[in-house]
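*Asks:* Chain by chain, the residues:
2 protein chains.
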Amino acid sequence: MQQKQVLLLTKSIKEKAIKEFYSKERPTTLCIADLGCSSAELNTLGVVAELIETIENARQDLGNGSQEYQVYLNDLPGNDFNTIFRSIASFEDSLKKQIGSNNFGHCFVNGVPGSFYGRLFPTNHLHFVHSSYSLMWLSQVPIGIEDNKENIYIASTSPPNVTEAYYDQFEKDFTMFLSCRSKEVVPGGIMVLTILGRTSTEKYSKESSYEWDLLATVLNDMVLEGFIEEEKLHTFNIPQYTPSAEEIRFIMEKEGSFILSQVDVSEISWEANEHYYKNDLPKTAFTHYDFVKCMRSVAEPLLVNHFGESIIEELFKRYLETVQVAMTKEKNVFINVTVSLTRKG
Amino acid sequence: MQQKQVLLLTKSIKEKAIKEFYSKERPTTLCIADLGCSSAELNTLGVVAELIETIENARQDLGNGSQEYQVYLNDLPGNDFNTIFRSIASFEDSLKKQIGSNNFGHCFVNGVPGSFYGRLFPTNHLHFVHSSYSLMWLSQVPIGIEDNKENIYIASTSPPNVTEAYYDQFEKDFTMFLSCRSKEVVPGGIMVLTILGRTSTEKYSKESSYEWDLLATVLNDMVLEGFIEEEKLHTFNIPQYTPSAEEIRFIMEKEGSFILSQVDVSEISWEANEHYYKNDLPKTAFTHYDFVKCMRSVAEPLLVNHFGESIIEELFKRYLETVQVAMTKEKNVFINVTVSLTRKG
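In order, the protein sequences belong to chains A and B.
Under my numbering, the first residue of the first sequence is numbered 43, with each subsequent residue one higher.
Under my numbering, the first residue of the second sequence is numbered 43, with each subsequent residue one higher.
It cannot be assumed that every hint is accurate.
For chains that are exact copies, the list does not tell them apart, and a pair is met inside one copy or across any two.
[To be verified] DSS-like, lysine-lysine: derived pairs with alpha carbons at most 30 Å apart:
1) 191 / 214
2) 66 / 225
3) 66 / 53
4) 225 / 61
5) 138 / 66
6) 61 / 138
7) 53 / 225
8) 214 / 139
9) 225 / 138
10) 214 / 138
11) 248 / 296
None of these hints come from the bench; they were simulated from the model.
Build the full structure now, drawing on both the sequences and the hints.
*Replies:* Dropping the structure here:
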């Protein structure tokens with residue numbers, strides 16, 4: 043969701059980080075990984091182009107010879123890598139044009155299928171790791187949250203053990219992520235991670251839960267009207283956790299392999315992606331069609347897996363209406379937490 | 043075609059080569075590439091498993107600690123990588139079982155989309171390169187073979203300039219392949235290449251052309267009966283060249299980056315893959331259905347691209363009949379040329 047805006051917001055952080063690293067280390071082959079790259083978002087190659095452009099500028103300033111890049115695009119094995127791979131040729135062409143340099147080296151692009159909650163790369167191999175809007179996804183639904191009943195994520199009415207279980211799963215997963223990457227990233231290497239998060243110190247926060255609150259409202263209505271069995275709803279929970287910058291810092295320091303170099307917390311309106319808004323109409327004329335489309339692309343696989351195909355159309359029709367009503371009342375935003383980490387040693 | 047048999051035939055060559063390399067060099071991360079891996083043939087991961095098993099045995103004999111493997115599966119970007127990637131988890135499981143070692147390290151599998159007639163990997167990166175039944179495919183149909191008319195590959199009636207154009211294209215492509223790999227393979231690194239080839243010194247040889255001769259016969263019949271325009275057939279040629287071991291040696295020495303360590307020429311019957319043969323029937327009861335299926339998987343994309351979809355069913359019905367008649371008269375074989383090359387320096 044809103045990937046393009048996030049990439050723009052975090053551009054300066056990424057540029058600063060990679061420029062510093064490159065100017066100091068100048069590796070023969072610079073290895074970059076994009077974790078959770080997702081085929082649907084072809085922005086994935088956009089990030090890579092941005093990083094390479096920054097390094098190429100630094101390289102020319104320093105008067106260095108041509109540089110080789112090894113680029114790894116990672117996502118789960120079920121991801122559509124074929125589509126990404128078929129766009130690589132045009133990516134390389136536009137990269138060469140963009141950089142406009144005669145002594146541009148080689149950029150080798152690889153696909154890496156697998157979960158980033160396990161090892162993906164050889165020891166001491168990566169120089170720069172990027173991940174955007176992926177790390178809030180947990181490796182599984184937290185265990186022991188049967189009493190989250192009519193909620194589907196941390197809600198104002200969630201019992202404390204549910205909130206704790208969500209945080210514990212995030213801590214476990216994020217620690218595993220850091221521990222795996224600490225083996226793979228060279229000393230001095232850098233990770234820039236953007237995670238959907240929250241500013242509040244409270245684990246329930248409207249800014250990070252409201253999109254799921256609204257979806258839960260729709261699901262509960264559909265239970266009342268007999269579309270969905272109550273028991274089915276009670277066992278459905280979203281495997282996501284939206285951390286605060288403080289929680290990220292805490293877990294990171296506890297794991298111990300990385301130093302926090304930069305932190306940035308930004309917000310993006312739910313409306314940031316709207317294409318249907320016309321300038322001469324009042325603000326209430328937003329359709330929120332694009333917002334719902336984004337949410338659907340994220341939530342549909344989970345919903346289909348749990349409830350089956352048959353409720354989906356009705357569900358998202360209602361969700362669109364619910365979002366539209368909610369948005370006439372107030373402005374809603376997503377919170378992005380971006381951190382730049384440096385591997386110790 | 044007949045990949046399984048070929049992999050078996052060339053097992054000892056591969057084992058000897060990788061064992062020698064590993065015992066001498068013992069790299070921290072051993073980088074293996076399978077070039078032209080093809081999704082349809084899931085044997086591709088079989089080769090990798092075989093290589094890793096050999097190294098693991100050598101490692102245990104030498105008393106070395108656990109070993110990391112970086113495995114690259116390469117094919118053209120249009121290949122179905124999704125299918126390969128979805129089989130990797132089960133590959134890793136069976137690898138661990140097969141090796142049965144508690145201190146098995148990590149095996150990282152990557153997909154590499156691109157043509158091996160260009161650069162695919164960073165400089166000095168690969169330790170072992172494998173390619174089976176891919177290098178006889180040319181980067182394009184040779185130029186200047188308009189007078190190959192009713193033939194579709196080098197045939198007994200092909201004019202000398204056609205034969206030369208085929209060889210020239212192969213020399214150009216294979217030289218490019220060696221030159222790219224010479225940058226990517228570390229000094230002392232090894233390539234084991236199996237190419238569909240021929241034993242004859244003559245560039246036309248029934249053993250390497252007969253499957254295409256028979257296809258040309260069918261196509262010519264279909265021209266006579268009005269299924270295909272004559273002009274269409276005259277401009278159709280298979281972008282393949284089946285070299286002899288001597289030609290491979292000649293080009294290799296001319297390019298100069300590798301030393302020829304082992305050569306093996308073997309033959310595989312067209313019937314090697316037959317599943318439909320029953321032991322209690324006479325030999326003439328072979329259906330050759332599997333042989334034609336293999337040929338179809340290889341030739342269909344080329345044929346569809348040139349003649350359109352509509353002739354395909356009729357074409358392969360006739361091809362099956364033609365092959366069946368041809369095989370009652372004599373035994374036909376494919377020739378495999380396998381070479382093991384060592385990077386100089």
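*Asks:* Against this structure, judge whether each hint is valid.
*Replies:* Hints versus structure:
1. 191 / 214: Answer is within; shortest intra-copy Cα gap is 24 Å, inter-copy 68 Å.
2. 66 / 225: So residue 66 and residue 225 pass the 30 Å test inside a copy (21 Å) and across (26 Å) alike.
3. 66 / 53: within (20 Å within a copy, 46 Å between copies)
4. 225 / 61: Result: close both inside a copy and across copies, 22 Å intra and 27 Å inter.
5. 138 / 66: Close inside one copy (25 Å), not across copies (40 Å); limit 30 Å.
6. 61 / 138: The answer is within: 19 Å in one copy meets 30 Å, while 41 Å across copies does not.
7. 53 / 225: within (26 Å within a copy, 34 Å between copies)
8. 214 / 139: Between copies only: 28 Å across chains, 44 Å inside a chain, cut-off 30 Å.
9. 225 / 138: Answer is between: at 21 Å across copies they meet the 30 Å cutoff, but 32 Å inside does not.
10. 214 / 138: between (41 Å within a copy, 26 Å between copies)
11. 248 / 296: Answer is within: at 28 Å inside a copy they meet the 30 Å cutoff, but 70 Å across does not.
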